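These protein sequence lines are chains A and B, in that order. Every letter in the first sequence is one number past the one before it in our numbering, and letter 51, counting from 1, is 51. Every letter in the second sequence is one number past the one before it in our numbering, and letter 91, counting from 1, is 91.
Since the hints were made in silico from the structure, they are not lab data. It is possible that part of the hints are untrue.
As the list claims (entries may be wrong) - Chain B stretches covered by chain A per the calculated footprint, using a threshold of three residues with CB under 8 Å from any CB of chain A:
| no. | region |
| --- | --- |
| 1 | 44–54 |
| 2 | 67–76 |
| 3 | 80–94 |
| 4 | 121–132 |
Stated by the list, open to error - Partner residues are not named here, just some residues of chain A that face chain B (Cβ under 10 Å, in silico):
| no. | residue |
| --- | --- |
| 5 | Ala19 |
| 6 | Trp27 |
| 7 | Gly29 |
| 8 | Ala50 |
| 9 | Leu51 |
| 10 | Met54 |
| 11 | Phe60 |
| 12 | Trp61 |
| 13 | Val78 |
| 14 | Val82 |
| 15 | Pro91 |
It should be emphasised that the depicted structure is a prediction, and the values quoted were computed from it without experimental measurement. Quick reminder that beta carbons are idealized off the backbone N, C-alpha and C, glycines included.
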Amino acid sequence: MSLQTFLRESTWGYPIISAIHVLGIAWFGGTVLIPQFVPELRKWRYIGLALLLMTGLILFWLHPVQYSNSLSFRVKMVLLIVLTRTKPASPASLALWGGIIVASRAIAFW
Amino acid sequence: MVLKNSWLFPVIQSVHLVGIALLVGTVVLVDLRLLGYVLGRYTVSEVSRGFARWTRAGLAIMLTTGPVLFASDVTRYSRNPAFLFKMAVLVGTLAFHFTTHQRVERRGKLVALVSIALWTCVVLGGRAIADFDI
């Protein structure tokens with residue numbers, strides 16, 4: 001059985017990977033809240049981003065067709081691309097993060 | 001309630017997620033400071049005081065949006081094993097947070113590790129709700 005099939009069909013594969021994805025958001029969020037701490041937490045912010053990216057790729061890989069067909073997922077990807085053009089922890093980037101979270105939650109609906 | 005089928009549902013879920021980022025994100029950073037991994041230039045008290053109002057804001061958001069999401073489909077959540085697991089762990093985690101974790105003199109590496117483990121289980125239980133519908 002391939003790793004992909006194993007993760008897709010196991011009881012805990014999907015929940016654990018998506019929980020790490022959510023913890024990545026929390027991790028990143030904590031590192032941008034206090035301006036005084038932001039520079040020192042840069043390395044930790046990158047770890048959070050790496051977690052988000054890795055688990056996000058795995059989640060997509062488990063259900064590529066479902067995600068590609070979702071309007072919300074496409075909106076999320078566009079917002080992510082825009083996000084890479086903004087300054088980290090700036091108001092614009094935080095607003096985009098908000099939009100990305102809403103688009104993500106909306107995947108289950110549209 | 002019709003909320004569960006409305007566009008408001010993902011919006012409230014998103015606010016709930018931002019609450020996680022504030023609450024769990026700040027608690028875990030204080031724990032990582034206790035473990036000596038981050039913000040070494042600041043004392044544990046400075047880090048914990050710096051984050052305190054964000055932790056409180058996150059908790060307030062969670063305890064407001066959570067019950068709204070629950071009320072949108074009481075039948076679904078009350079028999080969902082992941083939700084029941086989350087609530088059981090959450091009660092323990094909050095008790096731990098407001099007793100042991102908040103008393104500076106009791107803070108040590110073990111307290112930090114237990115705190116990280118407990119909050120991870122709460123997030124895991126919450127995220128798994130969608131995967132354990134009966």
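Hints, verified against the model:
Only residues whose C-beta sits within less than 8 Å of a C-beta in chain A count toward coverage, and the region 44–54 of chain B has 4 of them, enough to reach three; the restraint holds. Counting residues of the region 67–76 of chain B whose beta-carbon sits less than 8 Å from any beta-carbon of chain A gives 0, not enough to reach three: the coverage restraint is violated. Against chain A, the region 80–94 of chain B contributes 1 residues with a C-beta closer than 8 Å to a partner C-beta. That does not satisfy the three-residue criterion, and the hint is violated. For a cut-off of 8 Å, the count of residues in the region 121–132 of chain B with a CB near a CB of chain A stands at 8, and the three-residue condition holds.
Checking alanine 19 of chain A against chain B by beta carbon gives a least distance of about 4 Å; that is within 10 Å, so the hint holds. For tryptophan 27 of chain A, the interface hint holds, the least distance from its beta-carbon to any beta-carbon of chain B being 6 Å, beneath 10 Å. With 10 Å as the threshold, the beta carbon of glycine 29 of chain A comes within range of chain B, its nearest partner Cβ sitting at about 3 Å, so the hint holds. At its closest, the beta carbon of alanine 50 of chain A sits 16 Å from a beta carbon of chain B; the interface hint therefore is violated under the 10 Å criterion.
Nearest Cβ of chain B to the Cβ of leucine 51 of chain A: about 12 Å, over the 10 Å cut. The hint is violated. The criterion of a C-beta within 10 Å of any C-beta in chain B is not met by methionine 54 of chain A, whose closest approach is roughly 16 Å, and the hint is violated. Evaluation of the phenylalanine 60 of chain A hint against chain B yields a violated restraint, the C-beta minimum of about 16 Å exceeding 10 Å. Violation of the interface hint for tryptophan 61 of chain A is found here, the shortest Cβ-Cβ separation to chain B being roughly 17 Å, above the 10 Å cut-off.
At about 17 Å, the closest approach between the beta carbon of valine 78 of chain A and any beta carbon in chain B exceeds 10 Å, and the interface hint on this residue is violated. Contact between valine 82 of chain A and chain B, as hinted, is not supported at the beta carbon level, the nearest pair being about 18 Å apart and thus beyond 10 Å. For proline 91 of chain A, the interface hint is violated, since its Cβ never comes within 10 Å of a Cβ in chain B; the closest pair sits about 15 Å apart.
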